[in-house]
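Residue numbers (my numbering), protein chains in the order written: chain A, 1 to 98; chain B, 99 to 354.
Treat the hints as calculated values from the structure; they're not laboratory data. For clarity, every value in this text was computed on a predicted model and none was experimentally measured. There could be a bad hint or two in this list.
Unchecked claim - SDA-like cross-link-like pairs, simulated, lysine to any residue; straight-line CA separation at most 20 Å:
#1 B:Lys343 / B:Glu306
#2 B:Lys284 / A:Lys16
#3 B:Lys259 / A:Glu82
#4 A:Lys16 / B:Asp177
#5 B:Lys284 / A:Leu39
#6 B:Lys343 / B:Asn238
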Amino acid sequence: MCSYIVEQASLVGSAKGAKGWMKVDTANVYYDHPYHAQLDHALSIDFVNMAEGGRERVAVELSAESARELVRTILAALESGEREHAASVPAETAAYLT
Amino acid sequence: MGYEGLHAETVSFRGHNGDQGEAYYARPLRAGKVPGVVVIHHMPGWDEWITAVVRKFAHHGYAAIAPHLFFRFGPGSPDDIAARARPAGGASDDEVMGDVAGCMAYLRAQPNANGKVGVIGFCSGGRHTYLAACMVPGINAAVDCWGGRVIVNNPADITPKRPVAPIDLTERMSCPLLGIFGNDDKNPSPADVNRTEEVLKKLGKTYEFHRYDGAGHGFFAVDRAAYRPEQATDGWRKVFAFFDKHLAASVSAAAA
Chain A
1 MCSYIVEQAS
11 LVGSAKGAKG
21 WMKVDTANVY
31 YDHPYHAQLD
41 HALSIDFVNM
51 AEGGRERVAV
61 ELSAESAREL
71 VRTILAALES
81 GEREHAASVP
91 AETAAYLT
Chain B
99 MGYEGLHAET
109 VSFRGHNGDQ
119 GEAYYARPLR
129 AGKVPGVVVI
139 HHMPGWDEWI
149 TAVVRKFAHH
159 GYAAIAPHLF
169 FRFGPGSPDD
179 IAARARPAGG
189 ASDDEVMGDV
199 AGCMAYLRAQ
209 PNANGKVGVI
219 GFCSGGRHTY
229 LAACMVPGIN
239 AAVDCWGGRV
249 IVNNPADITP
259 KRPVAPIDLT
269 ERMSCPLLGI
279 FGNDDKNPSP
289 ADVNRTEEVL
299 KKLGKTYEFH
309 RYDGAGHGFF
319 AVDRAAYRPE
329 QATDGWRKVF
339 AFFDKHLAAS
349 VSAAAA
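Produce the complete structure using the sequences and hints provided.
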């Protein structure tokens, strides 16, 4: 099906696209027919900077299963990374990070 | 086999509100008058497959044109423009109807036009085709390929850009309609297709529906897993037979 359903996430960060690095403030996330991936439906994410008009994007089109795997991996990386970083800084500094 | 050739290019056309848009246009190079077909792309945009469809029609003896329905969100590559259009809700029905009418006028203005014009659309373009058959005067035949939301099951699908359920305009349908559907499709589901057919039948409209087992949504798309070669080949035969019947006699015979 073709849908117009788009979920949006507010972001703080950067992404590298065709013109190099750019700030991104929004992820447009949708599950529909992809443009490029050889899939009937794909989980697509467009990383954009709406504050600058949202005209440039960094895009991915993923299978549903690989998108779920990515979600699990992101959460795992955050959990292990935050645990590691929290352990490597003095307790008084870590207190400011929580 | 006689001389075969076609010419394909991007062109400008005047669409809704007089806006100047771009379209992909292909025509056969053979002599004589030819019918026209407007090809309506799906939500992901004005992609390579839709240009292949336009050339396929030209190969079969039709002048065909596919408007870039998201041109108002440009400039940029078609995929980037479609990505911009999506969170904005896409093109409005009014814009699409105006752009289809503009492309019909473009086709009829060509010196080799026979005056007959059909419309075909895929997925959301199938819905647009159904809507155009009800709202745009002068269409001689319309082909809806698996258009979803002709019947609106979710009230949230009625929006300012899409303010009516196409099924509610069926009484105004002014041309013959061909419908191509996969029985494994979820949108439109077989139940949706049956309900649409009931309305067409009740209102005495000229239509033919073809439903394919073992096929789902978008089964003509050769570059997707949904492609079903046997069903798609038969479906294309149905499309050309329908357009040949209503737009011109035996135009595709030379391409067979």
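Indices of hints not satisfied (ascending) = Numbers 2, 3 - these are the hints that the structure violates, sorted from lowest upward.
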